[in-house]
Structures are given as C-alpha cells and as structure tokens.
Amino acid sequence: MLDTHISHQPISVMTAVNFGELKLSRNPAETLVAFSIGAGIGVTMYDPVIKVGGLLNFVLPDSSTMSSSQAQFHPFMFADTGLAAFSDALHNIGAKTDNLKVVIAGGAQIMDQTAAFNIGHKNHQAVTSYLGEKKLAVHYADIGGIFMRTLRLDIGNGDNLIQTLGQTEVKV
Amino acid sequence: MTNVDDIISGIDTLRPIPPVAAQIMALAEDENSSMSEIADLIVHDPSLTASILKICNAAYFGLSRRVDSVRDAIVLLGLDEIIELVLLNATAENFRDEPDGYGLGEGELWQHAVLSAYAAKILAESHGFTSQKHLVFTAALLKDIGKIIMGRFVAFSYEKINILVHSRGYSFNEAEKEVIGINHEELGARVGQKWRFGDQLIYMIRHHHMTDKTARDDPETALVYLADIICMMIGFGTGVDGLAYRFYSEVLDRMKLTEKDLQNVIFDTGQRRQKLDKLLYLV
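From first to last, the protein sequence lines are chains Z and A.
Heads up: the first sequence runs through residues 1 to 172, numbered per my numbering.
Heads up: the second sequence runs through residues 173 to 455, numbered per my numbering.
Mixed in with the good hints, there may be bad ones.
Each pair of labels, with its calculated beta carbon distance range [to be verified]:
id : chain 1 : residue 1 : chain 2 : residue 2 : range
1  : Z       : Asn-27    : A       : Asn-229   : 49 to 57 Å
2  : Z       : Phe-73    : A       : Asn-229   : 22 to 30 Å
3  : A       : Val-215   : Z       : Ser-69    : 24 to 32 Å
4  : Z       : Arg-26    : A       : Asn-229   : 38 to 46 Å
5  : A       : Glu-253   : Z       : Ala-137   : 32 to 40 Å
6  : Z       : Gly-132   : A       : Arg-268   : 29 to 37 Å
7  : A       : Pro-218   : Z       : Asn-27    : 34 to 42 Å
8  : Z       : Ser-67    : A       : Asp-269   : 49 to 57 Å
9  : A       : Asp-425   : Z       : Arg-26    : 45 to 53 Å
10 : A       : Pro-391   : Z       : Ser-67    : 51 to 59 Å
With a Cα cut of at most 25 Å, we get these calculated SDA-like pairs of lysine to any residue [said to hold, decoys possible]:
id : chain 1 : residue 1 : chain 2 : residue 2
11 : A       : Lys-447   : Z       : Thr-114
12 : A       : Lys-428   : Z       : Thr-150
13 : Z       : Lys-171   : Z       : Asp-98
14 : A       : Lys-432   : Z       : Asp-98
15 : A       : Lys-432   : Z       : Thr-65
16 : A       : Lys-447   : Z       : Thr-65
17 : A       : Lys-450   : Z       : Val-33
18 : A       : Lys-447   : Z       : Thr-150
19 : A       : Lys-432   : Z       : Lys-171
20 : A       : Lys-432   : Z       : Val-33
21 : A       : Lys-385   : Z       : Ala-115
22 : A       : Lys-428   : Z       : Leu-22
23 : A       : Lys-432   : Z       : Phe-117
24 : A       : Lys-450   : Z       : Lys-134
25 : A       : Lys-428   : Z       : Gln-70
26 : A       : Lys-450   : Z       : Gln-72
27 : A       : Lys-432   : Z       : Met-66
28 : A       : Lys-385   : Z       : Thr-65
29 : A       : Lys-432   : Z       : Gln-125
To list a few chain A residues with every Cβ distance to chain Z over 12 Å, as calculated [said to hold, decoys possible]:
id : residue
30 : Ile-183
31 : Leu-213
32 : Ser-223
33 : Ile-354
34 : Asp-371
35 : Gly-409
36 : Gln-435
37 : Thr-441
FYI, nobody ran anything at the bench for these hints, they're computed from the structure.
Predicted, not measured: the structure shown is a model, and the values here were computed from it.
For glycine and all other residues, C-beta sits at the position ideal for the given N, C-alpha and C.
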C-alpha cells in the first residue's frame, strides 16, 4: 500500500491587501499580498514569537492635508493614520513592539519628479519618521526608483517576498 | 529596427470603435446639442440601448426602480454618466485582451484606461479650465490604445529598452522610439487618424506624455497627462514601464495645482479605484 501523506495544515490562502487597506492575520497558512505598489508603500510588521502579522498598503503621507472629510473614513490611505491603526491592532492581538520585524517596499517616483510633488519620497519620509518615533527598526527597505513592486508576507514563517516587475524576487 | 510600416499595419487588427460612440461624443461637446438628440442616437442603436439598460439596472448603481428606457436612464443617472458608459462600452473590447510586452495581466490595460478617464474627470471638475470634459475623459480612456499593437514589438526588444531606461536615463516612451522607431503615443495617434477621430483627440493621444514642449501649454492635454501620472503613482494597471515617464512640474504650475491639490486628487482617484472593479465587470 502506498504511503499517503495527509497534510494537517489548512489549505494555503493568499489574501490581497488592496490600495488603502490594512489586513492582519494569525493564520499560518495565509499569505498577505499587496500587488503593484507605485508611489505608495507596503508596510509589513510581524511578531515571530506569536506568529501574527499584517500588511498596510497606503498611498499618501499625511491625512491632515486632505480637504475632504472623507479622509477620516479611510485611515489606511495615509501613513500617519494607517501606521497608528496598524500598531494599535497588532498590540491588541498581543504582538510586542520589541519583537516586530518591519519591512517596507514602494515609494516609487515618476522620472524627474520635483521635491514638492514627489509623493513617493514623502511617503518614505512619513514612514521613517513614524517608525523612528516608535523606536521600530526597519529590517529591510526597498524604496524609490521607477518600478512597481509586489510585497508578500507569509504569516507561517514571517518571510517577506518583494517582486519588482521584470526582476527576480527578493526574500527577506 | 523593426519596420515601422509593419507595426502601423497592425492597426487593422483592432476592432474599430462603433460610429455611434463617436457621434455621441461629438454631440456631447457641442453646446447647442440637446439631451434628446443624444438620447435619440442611443435609442436608434438597439445593441447599445440594450447594453446601457443592462448596465444601469445592475445593483452597482443602486437605483430604486427598474430602468426601461434610455430616457429613463438619463433622467435617473444623469446625461454625463450615460455618455461615459457609452464610451466605456465602445472601447472595452479592444482593451480587455492581455497585450504582450508590457508585463500586464488580463484586463490591466483596461483598468488603467478606465481609472485614467475618471482621474481626468476628477481633475477637470476640480482644476480644469475646460468645457470639454467628455473629450478629456475619452482621450484619457484611449491614450494607450497604441500599446495594444506595440506590445509584441516591445516584448521582442525588451532587453534593449530596459537597458536604455535603467542604465541610460531614457523614459520608456523615449526608449520605444529609439529602439523600435515609433512609440505607443505616436502609434495611438495613427489609430486615431485611421478611425477618423477629431484632430484634438488625436493631438491629446499623441502628446499625452508631454515630450513635445508645446503640448505642455494645452490645458486639455495637461489633464490627460496628469491623470496618467496619478494612476501610475497609485499603481493601477501599470506594467514593466512602471513610472518610467517624465514629470514636468510646469504643467502643474500652469494649472495652479499645489502639492495639497495633487494629494487630494490622488485620494479622490483612489476612492474611485476602490469602486471600479464592480463597474469594469459590468461594461
């Protein structure tokens, strides 16, 4: 009789984290993925001790510059409100700040994009300043350039995969 | 270098836009035309009527009652929305396929086209100095039509293009021109000529990356250019060309667009993007 392997792991799932969304997971079979990140930034934070993590896919640096009152209903579109909500949510499910592995990818820019209009650069500054304030070290950053990126976080092992279109995937 | 005439002959493989869509667009830009003239045009085209009614009755629009006639649809949704649906419906077929070469998945070029059109509309309403909002919408929708034909030539020459872009500071469209002899905006303009688009629409397609300095003074082309750039930054339906196009701050200055304004338009376009998937499924 053939030796049949029966997996006790749940079926692996890939969950898309769209533009302006935050998703958290403790399902070891789940991979969170943000496809085609442009000037926005994908941020993953993962606690390897309790194996929970999340992915924030924001696109603008600062919610306070918005004239639309709609902004308050879309906190994950912005670095400031998105990262604050992300930290709170991780804390609420038991993650410890000291344990967090942080990876950021994105912040691309149009060629010759001048400083004031360089949203990708401003997004990077916003993340760096927030993480600095919270004393969170960045494990790996893939920022800038003129490329689109895809960022994945494997909840089972905390591995991040960063794919730049037309290039090989980087695992961190 | 590939023979440019061979590439241009590829235009014949596209499915031409139905004449009724072009007529509706022309009427929409004419201040003297009336709503009933436009409604008449749609009503006299049974397949277009059927498509519009089907779309309008989908749950997406959340109408409280069933729409049974084009006039009903115009009253309930507004003429602008109906014209936009006609334009989306007329262009969808060409854009849905997966073009080779640009690293785009199925439907991604179409997603980018539609979001650009709505971004251009948002810009035209908030910062545009134009009465030609449907023209701007259409130009943003059609600006990359050249990519459908260019794709396989880009695929063939991708290594060379990639070197120019990533090692020699070329923008993607400059590299296309250098390596292949024509770029996607010139090819798009050729499509427009072949299909007898109006001169202004052809101009906007040809200059949507603003390589030609004089185009930067044209307010309508500026809206299409900015809409494109905003969609690249958002990262919707963008391929291997990524964000490898040039930024001209004088275009924003001329429109008196501040950094804050730009961020607000990105936010509004982002809101639109979140609702887009359902609409794309319908048209």
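So, going through the hints one by one against the coordinates:
no.	hint	verdict
1	Z:Asn-27 / A:Asn-229: 49 to 57 Å	39 Å, violated
2	Z:Phe-73 / A:Asn-229: 22 to 30 Å	28 Å, holds
3	A:Val-215 / Z:Ser-69: 24 to 32 Å	40 Å, violated
4	Z:Arg-26 / A:Asn-229: 38 to 46 Å	42 Å, holds
5	A:Glu-253 / Z:Ala-137: 32 to 40 Å	50 Å, violated
6	Z:Gly-132 / A:Arg-268: 29 to 37 Å	46 Å, violated
7	A:Pro-218 / Z:Asn-27: 34 to 42 Å	51 Å, violated
8	Z:Ser-67 / A:Asp-269: 49 to 57 Å	39 Å, violated
9	A:Asp-425 / Z:Arg-26: 45 to 53 Å	49 Å, holds
10	A:Pro-391 / Z:Ser-67: 51 to 59 Å	22 Å, violated
11	A:Lys-447 / Z:Thr-114	31 Å, violated
12	A:Lys-428 / Z:Thr-150	34 Å, violated
13	Z:Lys-171 / Z:Asp-98	22 Å, holds
14	A:Lys-432 / Z:Asp-98	35 Å, violated
15	A:Lys-432 / Z:Thr-65	6 Å, holds
16	A:Lys-447 / Z:Thr-65	23 Å, holds
17	A:Lys-450 / Z:Val-33	21 Å, holds
18	A:Lys-447 / Z:Thr-150	21 Å, holds
19	A:Lys-432 / Z:Lys-171	36 Å, violated
20	A:Lys-432 / Z:Val-33	29 Å, violated
21	A:Lys-385 / Z:Ala-115	21 Å, holds
22	A:Lys-428 / Z:Leu-22	34 Å, violated
23	A:Lys-432 / Z:Phe-117	9 Å, holds
24	A:Lys-450 / Z:Lys-134	39 Å, violated
25	A:Lys-428 / Z:Gln-70	23 Å, holds
26	A:Lys-450 / Z:Gln-72	24 Å, holds
27	A:Lys-432 / Z:Met-66	7 Å, holds
28	A:Lys-385 / Z:Thr-65	31 Å, violated
29	A:Lys-432 / Z:Gln-125	16 Å, holds
30	Ile-183	27 Å, holds
31	Leu-213	36 Å, holds
32	Ser-223	28 Å, holds
33	Ile-354	21 Å, holds
34	Asp-371	28 Å, holds
35	Gly-409	8 Å, violated
36	Gln-435	5 Å, violated
37	Thr-441	10 Å, violated
Checked against the numbered hints listed earlier, the structure breaks hints 1, 3, 5, 6, 7, 8, 10, 11, 12, 14, 19, 20, 22, 24, 28, 35, 36 and 37; every other hint is satisfied.
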